[in-house]
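*Asks:* Okay, here's what each chain looks like letter by letter:
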Amino acid sequence: MGVQVSEQTKTEHRWGMAIDLDRCTGCQACVAACHAENNLPLSDPQSAAKGRAVHWIRVDRYYEGEFPNIRVKYMPVLCQQCDEAPCEPVCPVYATYKNAEGLNVQVYNRCVGTRYCGNNCPYSVRFFNWFDPAWPAPLELQHNPDVSIRMSGVMEKCTFCIQRIQRAEADAKSEKRPLADGEIQPACVQSCPAEAMVFGDLNDRDSKVSRLAESGRATRLLEELGTKPKVFYLQKAE
Amino acid sequence: MERRNFFKILSTVSAGIAAGSCGRKSDVLIPMLVSDREIVPGHEQWHPAVCGECAAACGTIVRIMEGERVIEQGGQKFRQRIACVKKIEGNPLDPVSGGRVCARGQAAVQSLYHPDRLHGPLRRKGARGSGEFTPVSWDEALAAIAEGLGKAKTSDPDKIVFLTGPRPGARAVAIQKFLAALGAPAALTCSLGSLAVERKAAESVFGWKGIPVYDLARARYVLSVGADFLGSWASPVYYARQYGEFRQGRPGVRGRLAQAESRMSLTASSADEWFALRPGSEPAFTLAVARLLLDDKLARNPEQLPAPILESIRAADLNAVILRCGVDEGRTRRLARELGESEAPLVIGGASIVQTNSLQAIQATHYLNLLLGNIGKKGGILAPSPEFSAIPENAGAAAIRSARVLFLDRQNPAYTFPFAAGVTKALSDIELIISFGGFIDDSTAYADWILPDHHPLESAAAVVPAVSSRPAITVAVPFVHPLYDTRPIEQTLSDIAPKANLGLELVTPKAYAEPLLPGDRTWDDVTRQGGLWMENPENPPATKVAGLKPEWPDAVFSGDAPRFPLLFQPYLSLQYHDGSGANLPWMQELPDPASSAMWDLPVEIDPQTAIRLRVATGDWVRLESPAGSLEAPAYVHPAALPGVVSMAIGEGHTRYGRYASGRGANPLSILAPVFEDSTGALAFGATRVQLARLEQKPRELIQFSPQDREQGPWGYR
Amino acid sequence: MAATPEIIPYSEVRHDLWRPLYGASPLYLTVVFCLLAVALWGMFCWGYQLHEGIGVAGIRRPVFWGFYLVDFVFWIGISHAGTLISAILRLTDAQWRKPVTRAAEAITVFALMIGGMFPIIHLGRAWIFYWLIPYPNSRLLWPNFRSPLLWDLTAISTYLMGSTIYLFLPLIPDVAQLGQHATGWRRKLYRTLSLGWTGSDREWDALERAMKLMAAIILAVAVSVHTVVSWDFSMAIAPMWHSTIFGPYFVVGAIFSGIAALLVVMSIIRKTLHFERYLTPHHFNNLAKLLLLMSLLWVYFSVAENLTVWYGNEPKEMQVFGARSRGNFAPYFWVMVFCNFVVPFILLGIRRLRSIRTATIAGVAVLIGMWLERFIIIVPTLARSRLP
Ligand SMILES: Nc1nc2c(c(=O)[nH]1)N[C@H]1C(S)=C(S)[C@@H](COP(=O)(O)OP(=O)(O)OC[C@H]3O[C@@H](n4cnc5c(=O)[nH]c(N)nc54)[C@H](O)[C@@H]3O)O[C@H]1N2
Ligand SMILES: Nc1nc2c(c(=O)[nH]1)N[C@H]1C(S)=C(S)[C@@H](COP(=O)(O)OP(=O)(O)OC[C@H]3O[C@@H](n4cnc5c(=O)[nH]c(N)nc54)[C@H](O)[C@@H]3O)O[C@H]1N2
Ligand code: SF4
Ligand code: SF4
Ligand code: SF4
Ligand code: SF4
Ligand code: SF4
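In order, the protein sequences belong to chains X, C and Y.
Note that this note's numbering has the first sequence beginning at 1, numbered continuously upward.
Note that this note's numbering has the second sequence beginning at 1, numbered continuously upward.
Note that this note's numbering has the third sequence beginning at 1, numbered continuously upward.
These are calculated hints, taken from the structure and not from any lab test.
Keep in mind that a hint or two might mislead.
Below 20 Å or equal to it, Euclidean Cα-Cα: the simulated EDC-like pairs (lysine to aspartate or glutamate) are [said to hold, decoys possible]:
#, chain 1, residue 1, chain 2, residue 2
1, X, Lys-236, C, Glu-273
2, Y, Lys-289, Y, Glu-208
3, X, Lys-173, C, Glu-44
4, Y, Lys-271, X, Glu-223
5, X, Lys-73, C, Asp-272
6, X, Lys-73, C, Glu-341
7, C, Lys-297, C, Glu-341
8, X, Lys-236, C, Asp-272
9, Y, Lys-316, X, Glu-224
10, X, Lys-50, Y, Glu-52
11, X, Lys-236, C, Glu-245
12, C, Lys-77, X, Glu-140
13, Y, Lys-316, X, Glu-140
A few chain C positions that, by computed beta-carbon distances, are all more than 12 Å from chain X [to be verified]:
#, residue
14, Arg-100
15, Ala-108
16, Glu-203
17, Leu-310
18, Arg-470
19, Glu-589
Beta carbons: idealized from backbone N, C-alpha and C, even for Gly.
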C-alpha cells in the first residue's frame, strides 16, 4: 500500500527523497559522495574503534533466511527529514528545527551540545563532534567552501545538501524561472550509479519523487513511530 | 540530461574561448590571455576529467574552486591561493559513467591532496625496500637512468620490464613507443583487475578483441556466472547504471537476476536468486544449465554452437554435473526454464575471482549465449568497442624475477604477487628499478629512482574505457597546477630518450587522439565535453565462432586437502579494488558492505566452520596456506559457503602512506603462486588454507554498525 | 533500640552542638584538604575536557548520554533527602524528626549544587550553557520551552532556590542564638544572617507558618523536580524510556536514595562529632523503617516497570530489557537489585538485625544500588538503538 505523502504545505517547496531498494546495489558511492560534499570529519582507527566515525549516510545490511537460501538486503539510511521530527522539540536552544521547506536543519553555531536530539532520533543518523576535526595538510584543500566545518561540541547530520538547494534556488531566482524537477541533486543522489535515489519537491504532485512516494512500493522507515519521514523507501518488487 | 549538468559542462573549460556558450549568468568572462591553469576561480568551475582508479576509465567532471595552501620558502611560511579540486562527479555526457562515479572515483581527490604524496624525484638512500630516499633534481635522475638504460639496451634489452595499468590509450602508446625504441618487450601489467581472462575468452570464442559488452539494461532475465558486475568487475559504474534500468527503468518490466557465484558478492546480494557454487565449479554449472536448456527445447540457436561442444553438452551426466556445483537441482532446473523462456535472456560470464579454470568458465557462458541466440542482439552480448592501442599482458612472476631493469607505473608487484612467487626477493636483486609512483608503496620502496607522475587530476589524458556502449576515448586536459615537482610519464619518457640516445617523439593525449578524430570535430571540442564518443559501426565486428575443444573442468586448488581443508577466496573489494585504494582515508573508513568493518578487513568464515573452531566475530584467526600464513580478525558471515573462507584484498601494505602502512593483512601474500594458463593472470582463488583460532586479540575488529540484528552486540540476542 | 527520648540540659546541648563551630581538629583539616584536592583534580579534568573536547569523557554514538547524566540524576535524587523528607515529617508533625531535618536540608542544598554541575560538564560546549537560560538574547531568541531540558533547568533552579530558603528559615533562630554568644566577626556575620530575629512569639509564629507553607510548596516542587528529571527520558521515544511510570518511579527512587544518604551522613556526623545523645538509635530506627518502606515501594515500581515490558514483549523494548536482565548489563542490574532490595530487606526487615550499623550499611548499599539504577536506566536504552 502506498503512503500518504501529499500533505502539501503552503510553503513553496517540501523536499523529499525516494530510495529505490530494487535499484540500490549497496555500492556506497553515496557514502563517499557525502564525505566529499559535506566536509565530514575524518576518522582514524582509534576514533572509529570508539564508535566515533561519521557517515551522514550509511548503508545498513540485513540478512534474511538461512544459507543457501539467504538474501542480503542493503538500505541506505540518512536523516529522514521527519515532518514530526522527534529530534526537534527536545533541543533546548532551537539548534535543530524545521525550516520553511520542511528540512530538519542543524544550526551549528547555536548548538550547545546536549546530544538530546541524538538520543531521540530513532534512525541513529546524528553524529557528534567529540573533538575538533583535523585534516593533515593539504587534505583540507578539498574542503567544500559552501559547507562550514563543525567545531568540537556540536551535533551534525545530513542536511539534504542544503547548500545545493540554496544554490539552485538562487540561480533559478536570478534567472526568473521556476525550479525544474530534478534540478537539485544532493551529492548522494547525484553520485548513485544505479540511480536508486530521487530527490525533489513533495509539494509538486508531478515531481518524480512525489510519484514514486505514492507508488505501491513506497514505505517509510519505522513508520509506526509517527515521525512522518520524507524519505521513502521503494521496496523490491518480486 | 539534467539542466544543472548541462550548465556544468557548458561553463567548464576555457570560459573565455567559449564565451558565447557561457551558461550561468553569474559566470564571469575570464580573459583569454590567462591560461586555464592560471585561473583561481572564486566561483565553481567544472572541468571534464578521467577517473584514474580502475580500467573502467569513467568520464568525470571536477569541481574547481579557490583554496589556500601553505608553502614554505626559506624557512618562512606563505599562503598561496590556488585552484583546488573540490569534488568529482560523473560526466553526464560520458557513455560509461553517465554522470555517476563509484566510491573510489569520489575518493580520488584524496590521493591528489594526500599528505604523503611525493613532492619530486627521489633517489634511493637506504637499502632496497627500506623506503629511504633523498630528493634529487630531475636532470640528475634522468641522466643516471639514461645511463643505466643505455647499458641494458646494449646487453640484454629483453630484460627490461615495464609494468603499467591495463588501460589502453595515449599513455599506453607512449610507453609502447619508448619500449620499442629500447628494443624491449611490450609493457606488462600485474593488476588483478586486468580482465585478461575475459579478453582471452571473448577472443577464443568470438574472435573479438576486448571485453564484451553485456546489454543488461535491455535484458529481461539475467544469469551471471562469476561476474560481480555491481561490485568490482569490469566497469562497476556502467553496469550499476544498466542494472538500475534493468530493474526499474522500464514501465511494467522488471528484470530478474540470478547470480551463480561462490561468494555473497554485492551482485549476489542484489540478485533475486543466488546459486552458491562450490568455488571453481562455474563451467560445470554452466554446462548443467546448457544441458537443461537443450533438454527443455529452450535453446533457440543450438546450431550456432560447434558440433563437438553441442555433443559434449548432450553427453553430460546431469546429476553428476550438478553435484559438482553443490547447488539444488530443482532450483537449477527452474533457473534454466525461466532463462530459456524469457523474452530477453542474458548470460554474463566473468572471473571476479580468477581460478585455474576461469577461461573455460567464461567460454562456457559464451556458449550459453550462443545457445540462446544472444550474440549482437538487443539485451544480449555485444561486441567490444575498439581499444585503439595495445593492452598490456599479464606479467608472470618469472618475467619480473629475470628482469634487469624494471619500470613501475602504478603497479605494485610486491603487494599483488603471492609472497611465494619470489617477486619481493627479485625486487632486491634487479639492477635498476624506476618507479613513477606518487607514493612510496610496497614496491616503490625498492626503487632506485622515483620519478613521480602527475596525479591523474593534474594530467592530460586520453584513455579507452574497458567497457563502453560505443567507441570511446575519454579525455582530459589539465585544469589545476601540479601541486609538486612532478612530471607526466609521457614527458619523463621523452626526456629520458635523448639522454639515452633513443629516437622518440613525445606522445601527448592530443597527439594520440587527433588522428582518430572525425573530420567535424577538433581536439578542443573533445576536451570541452570530456571525450571522443563515436557512433557504433553499422556492421559490428564479425563474430566467428571458433571450434574449441569442449572442456568443463573444475578448478584445481593448491594444497593438500586433509591438511588444508578450506578454500580461500580473496576478492577485489569496492573500497580498495586490488589494494590500490587503501591509502585513502575515505576508503579506509568506508564500512565494508557485509561486515561493516572499517580500517581493517576481516576473514569471512561460514557459521558452521565458526562453530567448529569456536570462532566468533571479532575473534582473531590464523589462516595458513601451503605458502604462508596471516592473522586477522574474523567475521562470521551467515552467507558464506561452508568450507570457503573469503577475504577482501586491500589491507596489509608494508608501505603505502600513513593510512595503509602496516595495517591489517594481505590475503594475496599467502597464496600459492598459481597462474591461469592462457593469460598468466594470478589465479587468486586457487589456494587451500586451514584456520585456527588465536587466543589473543591484537586489536578489536572495528565495525561501523556492530549491531547486527542477527547477533546482539551487547551479548544479548 | 531505645524508645524514650533523653532529656538533656539546654546548656549542654549548646555546648555539644556549637563545639564544631569553634576550632578545627587536625582530622577535620586533613579531610578538608583531601576534599579540596579532589575538587581541584576535578577542575583540572574539566579544564582538560574543555580544551580537548568532550570526547575525552569516553561517550560515543549512540550512547550520547553517559556518566555525567547518570551522576546528575543520582545527585538530584539524593537532594530529595532533605527537603522532601523533612517536609513530609514536618507536615505529618512527626516529633522525632527534629534532630534529623537540619542534616537532611543541608544534604539537599549541597546535593543540588553537585547535581546541577553535571549537565553543564556534560555539554559539548559548556561555555555557552547560559543559552539555556530563558531570556531573549541579542537576536531576540528565546530557548525552546518544549524541550524537557528547559523544564529541567527551570525545575532545578526553582528547587535550589526553594530548598535554600527552606534550609535557611529554621536556621534563623539558631543563628540568632549564635549571634548572641559569639564575638568579633562571627557576631557580625550571625547578626546579619539572623535578620534581626529577637525570638518574640510573633516571630516564632510567623516562622512556624512560613515553614508550614514552605514545606507544602517544597514538597510539590520536589515531586515535580524529579518528575521533570524523569521526563528527560520518558519524553524521548527510546525503548524503555518512553514510559508513564517514570515520574513516580524516579520520585520514589529519589526519596529512597535520599534517605539512604541521610542515614549515611547522620551516622558519620554522629560518630565524628560525638552526637550520640542527639542522634539516637530511635532516629536511626525510624529512618531505617522509612528506608525499608521506600525499598519496597521501589521494588513495586521496578517490577511494574519491567513486568509490563516483559509481558508486552515488544521487540525493541525486549532488546533493552534483555540487555539489562540477561545481556552484558546484567551484572549491574542484579547488583542493583541486590543492593536496593535484598540488603535493606534482610538487614532492616528482620527486626533483630536492625541497628545503627546495619542501617548505615543498608544506606551505603542503597546509594550504590541507586547509582546503578540510574546507569541501568540511561545506558542500555541508548546502547540498543532501533537501527544498527
Ligand atoms: N574568516 C571569516 N571571517 C569573517 C567572515 C567570513 O566569511 N570568514 N564574514 C564576516 C561577516 S560578513 C560577519 S557578519 C562576521 C560574523 O562574525 P560573528 O558575529 O562572529 O559570526 P559567527 O561566526 O556566526 O558567530 C556568532 C557567535 O554567536 C554564537 N551564538 C549563536 N547563538 C547565540 C545566542 O543565542 N547567544 C549568544 N550570545 N551567542 C550565540 C555562535 O556560537 C558564535 O560564536 O564575520 C566576518 N568575518
Ligand atoms: N552557514 C552559514 N551561512 C551564513 C552565515 C553563517 O555564519 N553560516 N553568515 C551569513 C552572513 S552574516 C553573511 S554576510 C552571508 C555572506 O554570504 P555571501 O554574501 O554569499 O558571502 P561570501 O561567501 O563572502 O560571497 C561573496 C562572493 O563575492 C565574491 N567576490 C569577492 N570579491 C568580489 C568583488 O570585488 N566583486 C564581486 N562581484 N564579487 C566578489 C566572492 O568570490 C564570493 O563568491 O552569509 C550568511 N550565511
Ligand atoms: S550509491 Fe545508490 S546504489 Fe550505491 S549504495 Fe548508495 S543508494 Fe545504493
Ligand atoms: S531522522 Fe532523526 S535527525 Fe532526521 S529529522 Fe528524523 S529524528 Fe531528526
Ligand atoms: S546537541 Fe545541539 S542540536 Fe542537539 S539537542 Fe543539544 S543543543 Fe540541540
Ligand atoms: S543529502 Fe547530502 S548531506 Fe544528506 S546524505 Fe546525501 S549527500 Fe549527505
Ligand atoms: S568504476 Fe573505476 S573508473 Fe569508474 S569511477 Fe569507479 S574507480 Fe573510477
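*Asks:* Each of the hints needs a verdict: does it hold here or not?
*Replies:* Status of each hint after checking the structure:
{"no.": "1", "hint": "X/Lys-236 / C/Glu-273", "in the structure": "holds (13 Å)"}
{"no.": "2", "hint": "Y/Lys-289 / Y/Glu-208", "in the structure": "violated (27 Å)"}
{"no.": "3", "hint": "X/Lys-173 / C/Glu-44", "in the structure": "holds (18 Å)"}
{"no.": "4", "hint": "Y/Lys-271 / X/Glu-223", "in the structure": "violated (60 Å)"}
{"no.": "5", "hint": "X/Lys-73 / C/Asp-272", "in the structure": "holds (11 Å)"}
{"no.": "6", "hint": "X/Lys-73 / C/Glu-341", "in the structure": "violated (28 Å)"}
{"no.": "7", "hint": "C/Lys-297 / C/Glu-341", "in the structure": "holds (10 Å)"}
{"no.": "8", "hint": "X/Lys-236 / C/Asp-272", "in the structure": "holds (10 Å)"}
{"no.": "9", "hint": "Y/Lys-316 / X/Glu-224", "in the structure": "holds (12 Å)"}
{"no.": "10", "hint": "X/Lys-50 / Y/Glu-52", "in the structure": "holds (16 Å)"}
{"no.": "11", "hint": "X/Lys-236 / C/Glu-245", "in the structure": "holds (14 Å)"}
{"no.": "12", "hint": "C/Lys-77 / X/Glu-140", "in the structure": "holds (17 Å)"}
{"no.": "13", "hint": "Y/Lys-316 / X/Glu-140", "in the structure": "violated (41 Å)"}
{"no.": "14", "hint": "Arg-100", "in the structure": "violated (4 Å)"}
{"no.": "15", "hint": "Ala-108", "in the structure": "violated (10 Å)"}
{"no.": "16", "hint": "Glu-203", "in the structure": "holds (28 Å)"}
{"no.": "17", "hint": "Leu-310", "in the structure": "holds (31 Å)"}
{"no.": "18", "hint": "Arg-470", "in the structure": "holds (19 Å)"}
{"no.": "19", "hint": "Glu-589", "in the structure": "violated (5 Å)"}
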